[in-house]
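There are 8 protein chains.
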Amino acid sequence: MTPLELRSLLAAVGEGRINADDAHQRILAELKSLPYEDLGFARVDHHRAIRQGFPEVILGLGKTPDQIAAIASRIVERGHPLLVTRADEAAWTAVHLRIPEARYHSTARAITVGREVSPGKGRIAIVSAGTSDVAVAEEAAVTAELMGNGIDRVFDVGVAGIHRVLSERDRLSSARVIVVVAGMEGALPSVVAGLVDVPVIAVPTSVGYGASFGGVAALLGMLNSCANGVSVVNIDNGYGAGCIASMINHL
Amino acid sequence: MTPLELRSLLAAVGEGRINADDAHQRILAELKSLPYEDLGFARVDHHRAIRQGFPEVILGLGKTPDQIAAIASRIVERGHPLLVTRADEAAWTAVHLRIPEARYHSTARAITVGREVSPGKGRIAIVSAGTSDVAVAEEAAVTAELMGNGIDRVFDVGVAGIHRVLSERDRLSSARVIVVVAGMEGALPSVVAGLVDVPVIAVPTSVGYGASFGGVAALLGMLNSCANGVSVVNIDNGYGAGCIASMINHL
Amino acid sequence: MTPLELRSLLAAVGEGRINADDAHQRILAELKSLPYEDLGFARVDHHRAIRQGFPEVILGLGKTPDQIAAIASRIVERGHPLLVTRADEAAWTAVHLRIPEARYHSTARAITVGREVSPGKGRIAIVSAGTSDVAVAEEAAVTAELMGNGIDRVFDVGVAGIHRVLSERDRLSSARVIVVVAGMEGALPSVVAGLVDVPVIAVPTSVGYGASFGGVAALLGMLNSCANGVSVVNIDNGYGAGCIASMINHL
Amino acid sequence: MTPLELRSLLAAVGEGRINADDAHQRILAELKSLPYEDLGFARVDHHRAIRQGFPEVILGLGKTPDQIAAIASRIVERGHPLLVTRADEAAWTAVHLRIPEARYHSTARAITVGREVSPGKGRIAIVSAGTSDVAVAEEAAVTAELMGNGIDRVFDVGVAGIHRVLSERDRLSSARVIVVVAGMEGALPSVVAGLVDVPVIAVPTSVGYGASFGGVAALLGMLNSCANGVSVVNIDNGYGAGCIASMINHL
Amino acid sequence: MTPLELRSLLAAVGEGRINADDAHQRILAELKSLPYEDLGFARVDHHRAIRQGFPEVILGLGKTPDQIAAIASRIVERGHPLLVTRADEAAWTAVHLRIPEARYHSTARAITVGREVSPGKGRIAIVSAGTSDVAVAEEAAVTAELMGNGIDRVFDVGVAGIHRVLSERDRLSSARVIVVVAGMEGALPSVVAGLVDVPVIAVPTSVGYGASFGGVAALLGMLNSCANGVSVVNIDNGYGAGCIASMINHL
Amino acid sequence: MTPLELRSLLAAVGEGRINADDAHQRILAELKSLPYEDLGFARVDHHRAIRQGFPEVILGLGKTPDQIAAIASRIVERGHPLLVTRADEAAWTAVHLRIPEARYHSTARAITVGREVSPGKGRIAIVSAGTSDVAVAEEAAVTAELMGNGIDRVFDVGVAGIHRVLSERDRLSSARVIVVVAGMEGALPSVVAGLVDVPVIAVPTSVGYGASFGGVAALLGMLNSCANGVSVVNIDNGYGAGCIASMINHL
Amino acid sequence: MTPLELRSLLAAVGEGRINADDAHQRILAELKSLPYEDLGFARVDHHRAIRQGFPEVILGLGKTPDQIAAIASRIVERGHPLLVTRADEAAWTAVHLRIPEARYHSTARAITVGREVSPGKGRIAIVSAGTSDVAVAEEAAVTAELMGNGIDRVFDVGVAGIHRVLSERDRLSSARVIVVVAGMEGALPSVVAGLVDVPVIAVPTSVGYGASFGGVAALLGMLNSCANGVSVVNIDNGYGAGCIASMINHL
Amino acid sequence: MTPLELRSLLAAVGEGRINADDAHQRILAELKSLPYEDLGFARVDHHRAIRQGFPEVILGLGKTPDQIAAIASRIVERGHPLLVTRADEAAWTAVHLRIPEARYHSTARAITVGREVSPGKGRIAIVSAGTSDVAVAEEAAVTAELMGNGIDRVFDVGVAGIHRVLSERDRLSSARVIVVVAGMEGALPSVVAGLVDVPVIAVPTSVGYGASFGGVAALLGMLNSCANGVSVVNIDNGYGAGCIASMINHL
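Protein chains in written order, with the working numbering: chain A, 1 to 251; chain B, 1 to 251; chain C, 1 to 251; chain D, 1 to 251; chain E, 1 to 251; chain F, 1 to 251; chain G, 1 to 251; chain H, 1 to 251.
In case anyone wonders, no lab produced these hints; they're calculated from the structure.
Honestly, I wouldn't trust all of these hints.
Stated by the list, open to error - No more than 30 Å apart at the CA atoms, straight line, and that leaves these computed lysine-lysine pairs for DSS-like:
| # | chain 1 | residue 1 | chain 2 | residue 2 |
| --- | --- | --- | --- | --- |
| 1 | H | Lys121 | G | Lys121 |
| 2 | C | Lys121 | D | Lys121 |
| 3 | F | Lys121 | E | Lys121 |
| 4 | B | Lys121 | A | Lys121 |
Said to hold, decoys possible - Taking beta-carbon pairs under 10 Å as the criterion, some of the chain C residues facing chain B (in silico):
| # | residue |
| --- | --- |
| 5 | Gly210 |
| 6 | Ala218 |
| 7 | Met222 |
| 8 | Ser225 |
For clarity, every value in this text was computed on a predicted model and none was experimentally measured.
Every residue gets a Cβ at the ideal spot worked out from N, C-alpha and C, and that includes glycine.
Bound conformation, chain A alone (with noise of 0.2 Å):
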């Protein structure tokens, strides 16, 4: 049971279309039945959805394409959005053969199916420092789009060339969220956070070379940001930030 096929049988109680003991049933049935689905290798977690609000999304990294199509084939039977994250070309291939319908989001390296999903509020402005941040940041736009947001991407914009941030002032004064993707210093955030008056995730890459030791630099600037409003995840995880925003922003 979809969370949309959960409002449908409400509404149809609503309207005396069904009645209300069966309904109860119905839904405790549903409940009471395994939270997971048991593959032998993985615990497909479909109860997550009704819990969250979002299915379980598969972190590819780890995992071989075959287990990958598996799991991602149940939470698509299920009628629920899919999104495979560290997905490369040879998990899309199998999955796309399983899930035609599925689409590969090569920048982002991402795997999704969209579904009706209820919207966020507000629009999230994704915010990057550099041109080799745009991976990052695409992984937490796909991510927040697919789960209903309106996206606002700002790239480009580093602390070395302070006017690129200042000028985009009004875009992102005018988010509800806002995820920040940096590497090297890792900076931006709390110039950022500076600006607004709204939470800031931010997002440290390993994008640097020498001391910035694959992104432990950007992240412990980050974490120690002088600014208000700037908390953080882990190094590259651009799918953690657009699910927190996401989150934030449905609230």
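Use these hints to put chains B, C, D, E, F, G and H onto chain A, whose structure you have.
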């Protein structure tokens, strides 16, 4: 001009007691005045209350009691609410001398002067894993309360006895944002985030010994959370978490 | 002389088929012989089976296929069970040529030849947090099975959906030792150890990205576990965990 | 209801002195009562004695003497054994005032109140590398003794004079579990584990200077042990090691 | 022979008051004398004033007050300017006793004796992010002033309120070299360097807490700066920055 | 409008060929036009040439050959000099197709198009410790040359044979700025800075193995230099060092 | 039996004063006696003098003054030389009470009782980079002197003034082994090792601040030395270096 | 002029075949010639053979095959012995083409050309812990052999089976210097050093996985050795260890 004065002014315009053009001039003058006050050793950012809805907050760490008291006076004189974090007894004495209405929260190590501020929309749950995490949890609570939010404290529900957190599921579910404070392995935010569908702000604490490395173990655990909706602030940064939670709760 | 041959010899003495003095001499001769066999590049420790109840195990990492096959042959010739860990396809080919009865466990990357060994007293539960942890979990399972233990695999029960592990409480409670394998934040051992009263061997895996630092986040999480009864082995060391679990299960 | 009261109750049922249904009701009532007692700053987990065979243990670190004494009183009132670790003189004074029968182990920095508990099956050897490791070794010993185990202390047998540990081989071999405590390079657990066939719980200590990094060198040495049967707990975590050793010794 | 005495000597030669050959001999004698004075515990490098334009500077850290005073006396006796860094009150007392004209800069923790030195060509701006960074900024300022440079202090202009640094653009643009001192995320040098076309010397400070790791976060942020023209010195090394800025300003 | 066009325009005004007011308008229009060109994935900062004396430089790392070529074209079309760093063969091919006059420096992995720029005042010495440091040293040299500086290469003068660097003392002394490139222990900048009185820009390289940790050992050695005048850039950042050296040499 | 007593005994045999068989028995008895004396908290390894030419040395760190004095008494009673390292004033007081002939070296923080030992063959040079490294250098010198070696102290010859070390080339060249003690960047051992052809034992010190990380920078610099013949001991381990130098000098 | 030619020359002087003044002149000329040969990308330090008894050794890492072959040719042309370390097949091919008498040691990845050198006084034992450490142990052995030392290889005697190393006690005791090569926990040097009274050069290897961190665990273990006489070289630096051992063995 405080936000309240601004509101009164606009009301007066609406009621015809003040001419719109005059009001326009007064507001412009206020806005165009220097956005900060230079004390030599510090620039007090009075503009922040307009820009971000809450005035500058004083981090007590690394400032002398006199510096803290001087900045605090300037903030209170403008009619702004006051928050000093990481304030020891010496700072408290210095501030109290100048600002008799100030209040000291000894567990949270915070000094406050409350003002009427716009209220948050829901409740913020502040969850802590152990007794030793309470100081940081209280810093978050005092911060969020001062910013106009209702707080629900859910303390000492660490994952080693999972029934403790499960038995508080209802309180967690009824919050609009959740701050989770934990030291040691920092696993509690993952478990909490798996139970709810609202954003979780995770605060690692420096509680622990040996390989906890002053909170690094908890920090890494939270950054690598397998659950959706967890973003992280600096180790022991209860203030930051309270502030972000308030921002979200005001959306 | 294998443990089985020793048992036969002693039985024969008990039945009067062999004179006690002769048996004494044979056993002494065996014990006093060189405790290892020197292959030039390696000293095969045949004494270990007597000293520790299980013969030397070959870590495939950093050895050539030929070296692995040569050591493996010597072990099998003595009638000992064989375990090669971290064995790639090349190692498997080289070993298989010399030891046709060997078996390859591709998920666990292990080569085995089973022998009759003394059985463990209870069951060992092997628990894993995610699909990507299965390789390490299988290495633990193959190891413990070869050492004579009954295994119960409880896979993909990570803490983000806490109901998954709670619903397996009975299987966990009925094990005599539990091996818990987890990457990312490594929180699962804390939760499991809080549910049971038997020792938990925690195995961090290198699964994750960014600030998981190749398993360091999970390792630290496990070392700082707030639950009783958790001890930890090296990152990805499924073999070590299986071996300790077997030792405990034979007590 | 303590485990001993439970045993008496069941005995009474067996002897016909109490009706089985009545006993059933009393046990159920006990089990269904709140599994913890909420002191505001702490939730005392009285259920743990039933779940894990030993009640909650108080980690003194980061708690005030008053908090420690309050929690300790609740535990002792229920008839449970008491263990406070990392207890300084102030904590001891506060506890002693409320619980006169408590005992202070100054080397181990532990406070205990003993109760009759189920005895362990064999002996636990506590081995330490140097004189400076004794505090941690004693914490392990006090813990395991309180939990009902016989202890054999084998102190100051570091690997720089290998004859010291070799001359204690018999004592090591006759233990059912071995706890090995070592700082500096942490090599002792590898040598001990190579001599015996029982599990070795390794405890790194923060003893050393310079590149010992507060016990990290010893911790890494133990995690990378080339010997079978070594699992590791946190730096200086004598309590954890004693607790795991006791669990194993009760199997 | 101080640089000034050398200049006088050469002037006297130019004016015919001293014979060129005699002057040659005197200078050679001076140069060929031992290039350092051996105090047993220290070799005072008097040659450095000739080689590098400024005499040896005394790092107070790890030296006793007596050692500091003894070295200081030797330097002042030669007519050189004196700079002692990281000088606590005890060092100051010992030096003041021997050198009454010395001066103590308590914020900068520096002791100085000024001498006429060659003047720098432009002004050096010393910029700091927060009130807590002032000690290090002052160390840089005192150093550069003693070395003959005009200083412009621009304090408390951190990036969280970007208007503070933007409003000082003119002062920044008119400096010949800029020293930027910042703790926490260390983002200020990147922003400043993007606004000007002169070299920026970045000084990370140990200001911050938690994941600032005593200045490491700021250090990494500065090393990874995306802006041109930023080079970095050690954490809290105000002296080093002032010295380099002076060298550049004398080119 | 390039700097050269600007100079022509002003000359024309001076010679009366163009009216001052018209020139004023043309310059203002240029300045007020968008300070960057938005390519979607990148914002080319054409303003930088006016603001900082040299246009935007392209870091090849993390950009596709097509992106690099597109940005490069825009820069060259404006009449600016071009520098692409970390450019592999694929990037070179893509750029060469669009910009036939570009030149590839294979050791330095840099692509350049030279333009007339304002000349530096003195010479820049580029010093390297070992043969393996040459790639980074060359990146610094190519950068500084393109920016109008005379370069003196002093290669392979590491401290293990101190006579090698001592014998080049004259060349070092005659430079106005020195860039020192070294891997392994990174000691060369300390020795060089002790010999001269000009600023030394130290570049750690990732050359070395084992405990060199990809250049961290050299980086730390340079940050902790006991010599005056050493500031440091990121590991392998030859470009940054060349750029700073040029800035200083243009003062 | 001390080495001297052994020598007397053998001389008596050689001179016919004692029968060879009797001597044989006495020596065997001595050798076969317990190789250590068990004080409960420590096992004093009297055998070490025979095995390694010098008796056990007491590391004062982590031992109480009473423990130190007790072990020291046992060593001196056997006629062995005494060395206590890291001995503070309290330890010295306790030892002096029991062993009046003991001597305290306050700079080196060492307690010694000298005995006749076999002399080293050449001289050991102890070289230090700065005044703050002297404590560690003196620990090395006191150790090596007690072990029978002639010492040449060459202090404060750091690489920032390379002429200081070059001017001591002759003293360095005439040593048979060289100990080099340095903090900060730790470059001195590389330079010294490039000047001589004898082994250099490098000792990093915890001298420095910021990114010296308590001696880690110096340690890494020394491990990555580009010069031949440098081996390294732990941070601040003057004792270890003196001991190794003595071993080499006795070969 | 090679060392052998020098010896012939002096012999001729001794026998009156060459006039002492002439010889003086020839030697002076040789010494005064440039101490290195400049190949552009490298300065070959021919003086090192005179200064340190062995010519420059080529580290293959980071050099092209052509660079290696060019430097190697210059060294061999001077009559010096050749050692190239970290030489892959491509380097070997390039060197072999130019120097047919060169020899490739594939396990040690070293290229050598032997010459008559002065012999070491005793034997050097090269001890390794495991089969996977052999490549590094062989690099040490090849180095020390080329430098004129007799080698005793004692391989695969790790501490998990302590009888393996104890049974080789006699070979260890008869060496004049011992090189001990070990990965994982790096405990072998401590055990070996406790058995002998000669210097032990410890070489950590990058063998291991997980928390061995590429040899860091072994490195820390060795630096923190509780045994006397252990000094340490860089991870995998078999060459360095062989070289130091040879230096000591030539004293």
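Evaluated hints:
Restraint check for Lys121/H and Lys121/G: the C-alpha separation of about 15 Å stays at or below 30 Å, so the hint holds. Distance check on the hinted pair: Lys121/C and Lys121/D sit about 15 Å apart at the alpha-carbon level, within 30 Å; holds. Among the hinted pairs, Lys121/F with Lys121/E is consistent with the structure: their alpha-carbon atoms are about 15 Å apart, no more than 30 Å. Distance restraint check for Lys121/B and Lys121/A: the Cα-Cα separation of roughly 15 Å lies within the 30 Å cut-off, and the hinted pair is therefore satisfied.
Given hint, Gly210/C at the interface with chain B, holds; its Cβ is 7 Å from that chain's nearest Cβ, closer than 10 Å. Because the beta carbon of Ala218/C sits about 7 Å from the nearest beta carbon in chain B, less than 10 Å, this interface hint is met. A hinted interface residue such as Met222/C counts as satisfied when its beta carbon comes closer than 10 Å to some beta carbon of chain B; here the least separation is about 7 Å, so the hint holds. Contact between Ser225/C and chain B, as hinted, is supported at the beta carbon level, the nearest pair being about 5 Å apart and thus within 10 Å.
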